[in-house]
Amino acid sequence: MGKLLSRQGFKYYFSEFSVQKNGSVYKVERLTFFDSASFTRNYLFECYQSHSYDDASSMSYQNCYRFMYQLQHGCLYLAQAQIAPFAIKPMLLFYGLSQLIKSCVLSVDPYYPENAAVLAHGITTRKRKKQGYSFLDDEVKEQRNGLYPHMIKKLFHMEHSENKYTMKALLKQLPDMHACFAFLVNEEPFMKGKWAATDRMVFEPILLDLYHMTASRFQQYALEQMRKLVPKTQAITVVETKQQVEIRFANAQAARNAAPPFHFDKDGSPLIHRLKANHLPLPELAIYYLVLYNLSMICRYETEWWGERIHTMDCDEIPFIKQFLETVQARTKKLIERQLFQ
Numbered sequence: 029m030g031k032l033l034s035r036q037g038f039k040y041y042f043s044e045f046s047v048q049k050n051g052s053v054y055k056v057e058r059l060t061f062f063d064s065a066s067f068t069r070n071y072l073f074e075c076y077q078s079h080s081y082d083d084a085s086s087m088s089y090q091n092c093y094r095f096m097y098q099l100q101h102g103c104l105y106l107a108q109a110q111i112a113p114f115a116i117k118p119m120l121l122f123y124g125l126s127q128l129i130k131s132c133v134l135s136v137d138p139y140y141p142e143n144a145a146v147l148a149h150g151i152t153t154r155k156r157k158k159q160g161y162s163f164l165d166d167e168v169k170e171q172r173n174g175l176y177p178h179m180i181k182k183l184f185h186m187e188h189s190e191n192k193y194t195m196k197a198l199l200k201q202l203p204d205m206h207a208c209f210a211f212l213v214n215e216e217p218f219m220k221g222k223w224a225a226t227d228r229m230v231f232e233p234i235l236l237d238l239y240h241m242t243a244s245r246f247q248q249y250a251l252e253q254m255r256k257l258v259p260k261t262q263a264i265t266v267v268e269t270k271q272q273v274e275i276r277f278a279n280a281q282a283a284r285n286a287a288p289p290f291h292f293d294k295d296g297s298p299l300i301h302r303l304k305a306n307h308l309p310l311p312e313l314a315i316y317y318l319v320l321y322n323l324s325m326i327c328r329y330e331t332e333w334w335g336e337r338i339h340t341m342d343c344d345e346i347p348f349i350k351q352f353l354e355t356v357q358a359r360t361k362k363l364i365e366r367q368l369f370q
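Just so we're aligned: the sequence shown equals residues 29 to 370 in our numbering.
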């Protein structure tokens with residue numbers, strides 16, 4: 029359900045791709061609403077009030093322009109990345125995503141940044157070896173303080189863990205990367221399902237064998253994983269037959285918006301990892317942030333490796349990186365809109 033805002037006597041309902049006003053539906057890019065200071069103040073007031081902040085009114089005025097400028101700067105970085113040379117795209121996209129995430133955090137935490145500790149990036153990369161370095165095997169590690177753990181806590185209600193992730197493991201969470209894995213390293217991260225009805229998706233019966241689970245255990249597992257990212261996820265039902273494994277959701281909207289372990293390709297077909305071990309309970313924005321941070325560090329500080337790979341093409345990893353950057357450019361604003369208007 030979207031945010032319901034009262035503004036000048038009108039009710040605005042924000043759905044996923046459109047805005048409704050007095051019964052009429054308009055297709056818009058919703059971030060443009062934040063070019064209006066009065067709209068932004070009202071939006072922040074509603075956000076802070078919904079989180080029971082006593083000073084919602086004063087904080088919405090205080091944070092209004094900072095919120096607007098962060099959004100504008102973030103979108104500007106994304107726009108520049110669209111036309112920039114490939115060599116510097118990761119840096120521009122990381123800076124843009126960081127600004128947009130800060131806006132999202134400010135919408136739920138009026139006192140951000142409360143201290144200097146939350147201003148750090150919140151993740152680190154390991155030292156690179158000159159010989160035999162592989163981007164896909166490279167790692168990032170979560171830190172205790174900084175934007176990343178603060179985002180995870182405030183936006184997704186997840187506890188800090190200080191985990192390590194390889195680039196390969198992170199990229200396997202993105203359906204758009206499936207073809208790269210299939211054609212370049214002979215791996216297929218996802219199994220494709222289909223829709224049996226608007227509120228039901230089905231997969232091949234081998235799914236339960238691959239997961240070493242009964243239907244009831246898979247039902248429990250899937251719901252647990254979804255609630256790690258969306259705590260209020262409604263119950264699901266899993267039914268096994270000889271022909272298929274059927275996942276029944278509460279309604280069509282719940283099915284279409286299902287959180288991981290369920291994913292969707294560009295056509296909207298349901299996907300799930302073939303191997304349970306490949307699933308990571310991470311929001312898509314977090315995955316973008318982790319991978320972009322590493323890439324931005326490489327293009328800034330590992331220029332020799334970066335330049336050689338770009339210009340000699342002697343690397344199977346460049347197609348992974350290019351596809352990832354295309355995915356980030358195509359989806360980031362949509363994910364930010366969804367976060368701000370959920």
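A portion of the hints provided could be inaccurate.
Unchecked claim - Below, computed lysine to any residue pairings styled on SDA-like, alpha-carbon distance capped at 20 Å:
id, residue 1, residue 2
1, Lys-155, Trp-334
2, Lys-220, Arg-276
3, Lys-294, Met-219
4, Lys-256, Leu-353
5, Lys-362, Phe-61
6, Lys-294, Lys-192
7, Lys-182, Phe-61
8, Lys-256, Trp-334
9, Lys-222, His-185
10, Lys-192, Arg-276
11, Lys-362, Phe-184
12, Lys-260, Leu-363
13, Lys-361, Asn-285
14, Lys-222, Leu-238
15, Lys-294, His-206
Said to hold, decoys possible - Derived DEER-like restraints, expressed as beta-carbon distance ranges:
id, residue 1, residue 2, range
16, Thr-340, Ala-305, 41 to 49 Å
17, Ala-224, Ala-305, 41 to 49 Å
18, Gln-90, Lys-169, 47 to 55 Å
19, His-185, Thr-60, 26 to 34 Å
20, Thr-152, Gly-296, 33 to 41 Å
Derived by calculation from the structure, the hints in this document are not laboratory data. The C-beta atom is built at its ideal place from N, Cα and C for all residues, glycine as well.
The hints, checked one at a time:
no. : hint                            : verdict
1   : Lys-155 <-> Trp-334             : holds, 15 Å
2   : Lys-220 <-> Arg-276             : holds, 16 Å
3   : Lys-294 <-> Met-219             : holds, 14 Å
4   : Lys-256 <-> Leu-353             : violated, 26 Å
5   : Lys-362 <-> Phe-61              : holds, 14 Å
6   : Lys-294 <-> Lys-192             : violated, 29 Å
7   : Lys-182 <-> Phe-61              : violated, 23 Å
8   : Lys-256 <-> Trp-334             : violated, 36 Å
9   : Lys-222 <-> His-185             : violated, 31 Å
10  : Lys-192 <-> Arg-276             : violated, 34 Å
11  : Lys-362 <-> Phe-184             : holds, 17 Å
12  : Lys-260 <-> Leu-363             : holds, 19 Å
13  : Lys-361 <-> Asn-285             : holds, 17 Å
14  : Lys-222 <-> Leu-238             : holds, 18 Å
15  : Lys-294 <-> His-206             : holds, 12 Å
16  : Thr-340 <-> Ala-305: 41 to 49 Å : violated, 34 Å
17  : Ala-224 <-> Ala-305: 41 to 49 Å : violated, 27 Å
18  : Gln-90 <-> Lys-169: 47 to 55 Å  : violated, 35 Å
19  : His-185 <-> Thr-60: 26 to 34 Å  : holds, 29 Å
20  : Thr-152 <-> Gly-296: 33 to 41 Å : holds, 37 Å
In summary, the numbered hints that this structure violates are 4, 6, 7, 8, 9, 10, 16, 17, 18.
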